[in-house]
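Assemble chain B onto chain A, guided by the hints.
2 protein chains.
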Amino acid sequence: MAEPKTMQELRKDPIVGRWVIIAPDRLARPQGVSEESELSTDGFDPFLEGNEDATTPEILAYRNSGGPNEPGWRVRVVPNKFPAVTIDGDLDKRGVGIYDMMNAIGAHEVIVECPHREMNMSRLSVENIREVLWVYHDRLVDLKRDMRLVHGLIFKNKGARAGASLDHSHSQLIVSPIVPVTIQEELNGSKSFYDYRGRCIFADMIQQELATESRIVLESEHFVVFCPFASRFPFETWILPRQQSSHYESITKPMVEDLGNVMKTVLTKMELGLDDPPYNYVIHSAPFSSQDLPHYRWHIELFPRLSRVAGFEWGSGFYINTVAPENAAKFLRETEIDEI
Amino acid sequence: MAEPKTMQELRKDPIVGRWVIIAPDRLARPQGVSEESELSTDGFDPFLEGNEDATTPEILAYRNSGGPNEPGWRVRVVPNKFPAVTIDGDLDKRGVGIYDMMNAIGAHEVIVECPHREMNMSRLSVENIREVLWVYHDRLVDLKRDMRLVHGLIFKNKGARAGASLDHSHSQLIVSPIVPVTIQEELNGSKSFYDYRGRCIFADMIQQELATESRIVLESEHFVVFCPFASRFPFETWILPRQQSSHYESITKPMVEDLGNVMKTVLTKMELGLDDPPYNYVIHSAPFSSQDLPHYRWHIELFPRLSRVAGFEWGSGFYINTVAPENAAKFLRETEIDEI
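Chains as they are written, first to last, in our numbering: chain A, 37 to 376; chain B, 37 to 376.
So that you can see chain A by itself, here it is in the shape it has in the complex (with noise of 0.2 Å):
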């Protein structure tokens, strides 16, 4: 049975519906694909002001001076050099027997956090962590645009332990015909939950946070940060915003203000407190395609990556968590920082 082959593929698991990106390297050989080590410090660092040449050319910047390409810039964006999906093409939805498939059509771009050679956001300015939840909103904001592309996800990768192959800070979006499968679950169960008790399940999450008291991490303005009730990792941390929103590209400058002082303080914390740990957040975000939906909430999810997901987790779905959220918020609210 001959089914065609392109570089990049979406393939959906016939049993659960679980999409996959294949992304052959050309270049890997089976041998290649080893642990990565950890990262070099002091070698070549494309995303150096100065070294713009180094990336491929760029998608957006926010700048004091210069052109595009040119040094001058706070924010800048480029698109991935080893992208997991490519924006040129057509999705060419089909069945291979019981299998689906379609091309991986989409972008993958790098958000490049700041201008010098800063491996901690937690160390940008308040002002520069401002910018780069700007720079997140005006990509989604112009790639919701193409109607072949149904959601965006912006996600951070700290650290080679975490999935980084350079040290200098930076974020990354991947926007994808497909919802993700963790995305599609947040939005059915609270779907459910909201058909039957008439409320969103984020807000009652809220209110019992803040009722209980012991997994909350901070309050702010317009944000609560605590470590959610079944925590599947160690000092697992999540950002909720408190009014009803379900497109993180909906978010309003008062509420970016906020954030990026949230940002500072958690990852400060989580630098001091857990002695610089590899990590990764994620932005949970509702499909582009429908409108602000009362049932769901974008929120971002944060995971130090202190401990392995073991063979247990791998196969099962089923996490054993060693902190307590109740003991991990706790920490994390009595880790003193200086005023940020």
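Among these hints, one or two may not hold up.
Given that identical chains are not distinguished, each listed pair holds provided it fits within a single copy or across any two copies.
In silico SDA-like links for lysine to any residue, alpha-carbon gap of 20 Å or less [as the list claims (entries may be wrong)]:
| no. | residue 1 | residue 2 |
| --- | --- | --- |
| 1 | 48 | 221 |
| 2 | 117 | 87 |
| 3 | 48 | 239 |
| 4 | 227 | 53 |
| 5 | 48 | 224 |
| 6 | 180 | 99 |
| 7 | 117 | 96 |
| 8 | 366 | 43 |
| 9 | 48 | 240 |
| 10 | 48 | 220 |
| 11 | 289 | 244 |
| 12 | 129 | 278 |
| 13 | 117 | 95 |
| 14 | 48 | 228 |
| 15 | 117 | 343 |
| 16 | 48 | 362 |
| 17 | 48 | 153 |
| 18 | 117 | 85 |
| 19 | 180 | 125 |
| 20 | 48 | 363 |
| 21 | 366 | 254 |
Calculated from the structure, these hints are not laboratory results. Everything numeric in this text was worked out from a predicted model, so none of it was measured.
Then chain B, alone, in the frame of chain A:
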């Protein structure tokens, strides 16, 4: 709001319904929750024949000689010294506001696969591997009589980077009062397919894989081994029985005989072809409470740990796999091994 605590709890995420075991380690400080380093291979081995006193008292052993907790065994089962679930107590299912929880009741056992210090299951004799497979069977048959328990998950972490904390070849069993979410999703998805198409999705997969050929690693009398169409990880490999059977504990003697050969062959190919990688395998099997399910089939999912699961995957359940399963299967097919 008071939320009563026990040392170990099962907690359910209220949005997506994912259960998490919260098993705080009383001795671990936050700083102690660090990445595991490589396993030492010259330290004390509590699983070695003669060191029976170093483990908790055995639950089961296949023996040539000796009494319980004495030398003379071939395969031995002991309770995990740091169990994620415990066998004593009531479930005490309860709600706390919007959250659901219960006590983490269950069994967490370690299957010591050989009396001598061997790190690689691939180097055990076929007969030894068959006895390990029989021990899996015997423990499930015994534990499913406990009406509090709903599901048994057998898994193996090989190598520190796959989550192992001891190098002596061993596997683990966690029997719990809930169905892990990944198994539940497989049950739901395969049930939908069965209701709609009137066939078992696993049978259709085998049929298409055998017709396509490109993802087949090997075939035996009772099993088909292949890299699945939507593989999440490089060299992800599934071992699927040809005959319908939803519960591993229904395995027959001819199947065990055959599976011993298959396991040794596949693990040896991975050891030789992929430079002795860390790996995990998990046996997916139906809940105890059901009779044989026509829509589900037990199987083994095997993942060599060749790449990290980076931020994108953690947050989204959306995987990027850099090795096409067709290439992985071809590589494993063509990896030659000595006659086993």
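Outcome of the hint check:
1. For the homomeric pair residue 48 and residue 221, the shortest alpha-carbon distances inside one copy (16 Å) and between copies (14 Å) are both at most 20 Å.
2. In this assembly of identical chains, the alpha carbons of residue 117 and residue 87 lie at most 20 Å apart only when taken from the same copy (15 Å versus 53 Å across copies).
3. Only between protomers do residue 48 and residue 239 lie at most 20 Å apart by alpha-carbon distance; the minimum there is 17 Å, versus 33 Å within a single protomer.
4. Taking the shortest Cα distances, residue 227 and residue 53 sit within 20 Å of each other both inside one copy (19 Å) and across copies (13 Å).
5. For a Cα distance limit of 20 Å, the shortest separation of residue 48 from residue 224 qualifies both inside one copy, at 18 Å, and across copies, at 16 Å.
6. In this homomeric assembly, residue 180 and residue 99 never come within 20 Å of each other (Cα to Cα): the closest approach is 24 Å inside a single copy and 65 Å across copies.
7. Taking the closest pair of Cα atoms, residue 117 and residue 96 come within 20 Å of each other only inside a single copy of the chain (16 Å); across copies the shortest separation is 54 Å, beyond that limit.
8. Proximity of residue 366 to residue 43 under the C-alpha cut-off of 20 Å is restricted to the inter-copy arrangement: shortest distance 17 Å between copies versus 48 Å within a copy.
9. When the C-alpha separation of residue 48 and residue 240 is checked against a cutoff of 20 Å, the pair qualifies only between copies, where the shortest distance is 15 Å, while the shortest distance within a copy is 33 Å.
10. Proximity of residue 48 to residue 220 under the C-alpha cut-off of 20 Å is found in both arrangements, the shortest distances being 14 Å within a copy and 18 Å between copies.
11. For the identical chains of this complex, residue 289 and residue 244 are neighbours neither inside a copy (27 Å) nor across copies (53 Å), given an alpha-carbon limit of 20 Å.
12. With identical chains, the CA atoms of residue 129 and residue 278 are never at most 20 Å apart, being 39 Å at best within one copy and 30 Å at best between copies.
13. For the homomeric pair residue 117 and residue 95, the shortest alpha-carbon distance inside one copy (13 Å) is at most 20 Å, but the shortest distance between copies (54 Å) is not.
14. For a Cα distance limit of 20 Å, the shortest separation of residue 48 from residue 228 across copies, 16 Å, qualifies, whereas the shortest one inside one copy, 24 Å, does not.
15. With identical chains, the CA atoms of residue 117 and residue 343 are at most 20 Å apart between copies only, with a shortest distance of 19 Å across copies and 29 Å within one.
16. Proximity of residue 48 to residue 362 under the C-alpha cut-off of 20 Å is restricted to the inter-copy arrangement: shortest distance 15 Å between copies versus 37 Å within a copy.
17. For a Cα distance limit of 20 Å, the shortest separation of residue 48 from residue 153 qualifies neither inside one copy, at 39 Å, nor across copies, at 41 Å.
18. Within a single copy, residue 117 and residue 85 get their C-alpha atoms as close as 18 Å, which meets the 20 Å cut-off; across copies the closest is 53 Å, which misses it.
19. Taking CA atoms no more than 20 Å apart as the test, residue 180 paired with residue 125 passes inside one copy only; the shortest distance there is 17 Å, against 53 Å between copies.
20. Taking the closest pair of Cα atoms, residue 48 and residue 363 come within 20 Å of each other only across two copies (18 Å); inside a single copy the shortest separation is 39 Å, beyond that limit.
21. In the homo-oligomer, the alpha carbons of residue 366 and residue 254 lie at most 20 Å apart inside one protomer (10 Å), although the nearest pairing across protomers, at 52 Å, exceeds that limit.
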